[in-house]
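Whole structure, please, built from the sequences with the hints as guidance.
Number of protein chains: 4
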Amino acid sequence: MSSSNNKIPVAVLAATGTVGQRFVSLLADHPWFEVVAVTASERSAGQRYADAVSWVVPGEIPTSVADLVVRPTDSDPGDASLVFSALPGDVAREVEPALAAGGYAVCSNASALRMEPDVPLLVPEINPDHIHLIKAQREKRGWSGSIITAPNCAVTGFIFPMKALHAAFGIEKVHVVTMQAISGAGYPGVPSFDILDNVIPFIGGEEDKLESEPRKLLGTMVDGGIEPADMVVSPQVHRVPVMDGHVAALSIKLARKVSIDDVNRALEQFAAPEGVADLPGTPERPLILRKESNRPQPRRDRDAGNGMSISVGRVQPCTVFDVKLVSLVHNTLRGAAGGAIQNAEWLVASGYLGEKPFER
Amino acid sequence: MSSSNNKIPVAVLAATGTVGQRFVSLLADHPWFEVVAVTASERSAGQRYADAVSWVVPGEIPTSVADLVVRPTDSDPGDASLVFSALPGDVAREVEPALAAGGYAVCSNASALRMEPDVPLLVPEINPDHIHLIKAQREKRGWSGSIITAPNCAVTGFIFPMKALHAAFGIEKVHVVTMQAISGAGYPGVPSFDILDNVIPFIGGEEDKLESEPRKLLGTMVDGGIEPADMVVSPQVHRVPVMDGHVAALSIKLARKVSIDDVNRALEQFAAPEGVADLPGTPERPLILRKESNRPQPRRDRDAGNGMSISVGRVQPCTVFDVKLVSLVHNTLRGAAGGAIQNAEWLVASGYLGEKPFER
Amino acid sequence: MSSSNNKIPVAVLAATGTVGQRFVSLLADHPWFEVVAVTASERSAGQRYADAVSWVVPGEIPTSVADLVVRPTDSDPGDASLVFSALPGDVAREVEPALAAGGYAVCSNASALRMEPDVPLLVPEINPDHIHLIKAQREKRGWSGSIITAPNCAVTGFIFPMKALHAAFGIEKVHVVTMQAISGAGYPGVPSFDILDNVIPFIGGEEDKLESEPRKLLGTMVDGGIEPADMVVSPQVHRVPVMDGHVAALSIKLARKVSIDDVNRALEQFAAPEGVADLPGTPERPLILRKESNRPQPRRDRDAGNGMSISVGRVQPCTVFDVKLVSLVHNTLRGAAGGAIQNAEWLVASGYLGEKPFER
Amino acid sequence: MSSSNNKIPVAVLAATGTVGQRFVSLLADHPWFEVVAVTASERSAGQRYADAVSWVVPGEIPTSVADLVVRPTDSDPGDASLVFSALPGDVAREVEPALAAGGYAVCSNASALRMEPDVPLLVPEINPDHIHLIKAQREKRGWSGSIITAPNCAVTGFIFPMKALHAAFGIEKVHVVTMQAISGAGYPGVPSFDILDNVIPFIGGEEDKLESEPRKLLGTMVDGGIEPADMVVSPQVHRVPVMDGHVAALSIKLARKVSIDDVNRALEQFAAPEGVADLPGTPERPLILRKESNRPQPRRDRDAGNGMSISVGRVQPCTVFDVKLVSLVHNTLRGAAGGAIQNAEWLVASGYLGEKPFER
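Quick mapping for you: the protein sequence lines, in order, are chains A, B, C and D.
Quick note: the first sequence, position 60, residue 59 per numbering that gives the first Met the number 0, numbers continuous.
Quick note: the second sequence, position 184, residue 183 per numbering that gives the first Met the number 0, numbers continuous.
Quick note: the third sequence, position 224, residue 223 per numbering that gives the first Met the number 0, numbers continuous.
Quick note: the fourth sequence, position 143, residue 142 per numbering that gives the first Met the number 0, numbers continuous.
Accuracy of the hints is not assured; some may be wrong.
No distinction is drawn between identical chains; accordingly, a pair holds when it is met within one copy or between any pair of copies.
[Unchecked claim] Heads up, simulated PhoX-like pairs for lysine-lysine below, C-alpha to C-alpha not over 20 Å straight-line:
| id | residue 1 | residue 2 |
| --- | --- | --- |
| 1 | K172 | K208 |
| 2 | K256 | K172 |
| 3 | K172 | K252 |
Hints listed in this document are in silico derivations from the structure and should not be mistaken for laboratory results.
See below:
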């Protein structure tokens, strides 16, 4: 099937899971992309997508995708030029490189390859230049396609205020405590038996990601590679009975003493870099600074900017470091499928779409 | 009415509120105390307690209290020798000193007088010697009675691991992020409209208490006064949709480098001081160190030790300070009425019951 | 102030409460109406709306309303021709008739006058002809304006399947058990202390409304008045820890025996009457019949049709009556502000806008 | 191992699941029974119980059971005379008869055999004489042991008011709508992704049980068999975000007209039959009639009578039938493990313990 409307044909890998469903849902009306293929595990392969999926995200299954026949995970994603991956880590580690080698541009939400030195870990407003790691990646691996990755959902939130302050003043240390929504665990995910009327001070593997990913995201391109930012992030993560929206409370040690007014100004002035601001997925205000005493809140702020804006508030001096603040991200929109789609937009805008036959 | 069973006759002030109800409930079978008087605002005064109260705490209204006639807040608490105060701050500031002047021993849960230099801010396992501030208090104020106070409910939790580590190694700095239960706001308290599927990063006045109270609690008696501990606590507080149980995530800078084994050992060896261990309200294990990867949790751990034990877990090295851990307190038992009752036990055991006529 | 864009100028009474906020929010982009005045209690009068309101509904305060100066409840609503009332019952009973007498068309969400014989209790898809009660109303009361009312939020949901089945087969008896969202209680409304991890089998005054309102809604215009439908509705209502969306489980005795296929067909064929279907507020599918075994669900179905569609499911034979089913309504959209706005649209479309000077 | 304390040695089958854990927890201090064996699936067999179980019920693992070695499900339960079964339905259907044939008294919480004509479906306060079905069971099947079953957890609640009214006035029809807690689904059970801020109008297989089991429970022993009660029960079931406690709203058609006072009297006079009242598991008040307008409520009433009392309230006339009321049961105590243990007590008290060697 070739795309009839000059949109870029895309595939969604692991399309029946919750992140996969979010991809399908968000791509339904995308101005640049059109879903032409979906994959899932053997169990679902061969079925109509609408029959194979247990649809759990808001809204109905897009009619344009409902009738697609699900392909097995390890098959060729057909006429797609670009693939969105919601694969589990271990599968991603095998399938994604194979696709990149086959000429596909892979925009992944999986954690497997995020920390590979030649794989961009990308948030377009934060480190748009890291897209150019693709050059080194292709050269080193001999790929005609490419892989770019989106960060952990919690990191995707608090990296915004970190970026604003790091760019302005330098960050040396961060203690970050997260309160994460249950949707972050996918489906079936967290048993209600565990989380109703409760807080769980643990999410498997999460704290490692919160330690390492910010340093790469805020790192510098040097000689075609990333030099990690020279800072230390120490996280403590919690699951809370909230549907969507990860809250992070940060205490930050800056490289130099500044006033709270300076901090507020740096946050307020945060803006998407040129080019990035024009992407369909970039919200008008990527970072929204709230001045009320009791914001941000997941239920009230997660949908800001169609779920793509990061809300920051409770900015105040910290007596053990320099500044404290609270940030909030919609973990399944900006923090997962929405972020990976915006990454794909940036990849396309940067001219890195692979060699798969495609005329726009 | 005089107590027929040689128990100490006590009164509960503001007995119709949630903390007042907890006092009434916990005192129902207390081995030392018997409730002989209850007070409330003008609106309830003159009614039977069972008619005046809108009972919202677990269990039924104790029959021994149900028929007591509610007295107005500013009246004399009758034959009581000791009064438990659940008064709101502004009222406490007036009523409690008047009662102390009248010879009553006032064990308060109110915040009004906690930071007064001559008023003990007391947790028996933490700073039992602070009870002797009563001497200075009586001398300075000319009271025959006394006032002792229990700390903020969140502080009451994390002060246990802080005490264990401060005693062993010295604490210099703490960044603490709390996730607090809705019962901490009393009744009606937090609207469900605000907290269902949500986190609120703000509790009025709370952060000030978390900054100041730990320093007094861990302070030293010098010349009959308290010299605050030389440390800095920087808090960020949150309300979460949990019924009971305040969680606190702490990152701690110690005065000297120690291993995590040392930290665990210090926490495990925490024990109630002599004398304190024998109080009816002191749990067998005041601090329970949990080794599972996902504990403590409010719903699963808040009732440990009849709601009087503090559960601590997730002890791990911290890359920005020295050690991270998570602690949990049952905020309406240990953190409110239960703590104030244990304080009263310690006051009695220490010989400070006032001059009110009473034969045990 | 006259409306610059040929929209009908409207006022919102009690505009700072939750229903009032919903009115303001929904009217922000309404194709026919423009908010030119807002009223609230004395306490708020004279302030900017944005300063007076504690905004708790989704989204931000519409900029077109933020700067309006709040008028006192009993004042003249200025240049408005039409007023939306979110007044509490007792106030509505006085203010609304005074406004109708003054020539205003009052579209009320209050319960005060719903059961008055000459006041339309209206849902445009259900009983559009009842709008003509306005004739009798004006004649009897000598009003140049009018009052129309929207039903109770729970009734607004299950009246849809009742209408479909009553029209097709006749309904004799209904036992209905509701599970109602906390937003139905307004703000602050239900304390989280009462509803977290709980169900409350009581809502003050609610069961009376569920008994009486359906009979009026399904009643027949006879001689310019409403003859109530000859049926009996017996309700049991519950509050559940859900944010938005009232669920109702119904067992229905029909006037004649029919198959479940007949029932499903009657539900599927439900459609908005001519004229009503064209209103801006009428959803494409007013009644959505769901065939899945586990729908409708509040969180997944409440937003269907922009919160204006009623979802029905779990249709099955009943061994004590004839048919059982479950219906769901978004209680603050279709069941409150959204319904009252659609009523206003129908009033305008029916030519009953009052005599207030206004050129469209 | 023989029991050293003259308690009856018992085994718990499927001891690592949530119901199995409740059995282990409740039996820890049981005056008559002592757990000497635990079984689980192959995966856990051979491990220490404390190592095999993921403990999720309140309190800690009883030390007396922690060190037992888990046996495989199909093995002999050792020195036990009596076994408690928390087996899943399909396994129960095979394993329980084999054990009964082997001389064990099996007290089951499984649904598999509940409706077998010769298997008692028992609630001691409701139908104590049904225990004598064991005679027919042994005769027909040639067993030296026996099987008795406890009803569905929701049925166990509303059968109490049904029994009271059926005994007094006769019941002809019941429409019952349930709001069931998530603990009823076991572990991991209901995903939080499905139930947070939601109601699910479906529980697989549940409505069939609510239709059939009440008729057997209220049936009459005739010629050694059960003649089901001549009544019709039509259920609609829902899952709600509540931890423990199933609520049922009933509308009941009685065989004769009676006043609400009569109904209240019948409910108030409900008492455990002679013999049953003396069992350790029988609460002082098996049915608690609440007169407040807003009770029973799961969180406030589920623990009444140690979780073994049924709370009933909201008794009012019904315009479509005769009487409406709301009942509440603690689904994992009275409605599961607690009920099965009380059943075992009644079996022992009735002299039906099997032939397994045991001296009390």
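Hint check results:
no.	hint	in the structure
1	K172 x K208	within (16 Å within a copy, 25 Å between copies)
2	K256 x K172	both (14 Å within a copy, 18 Å between copies)
3	K172 x K252	both (5 Å within a copy, 13 Å between copies)
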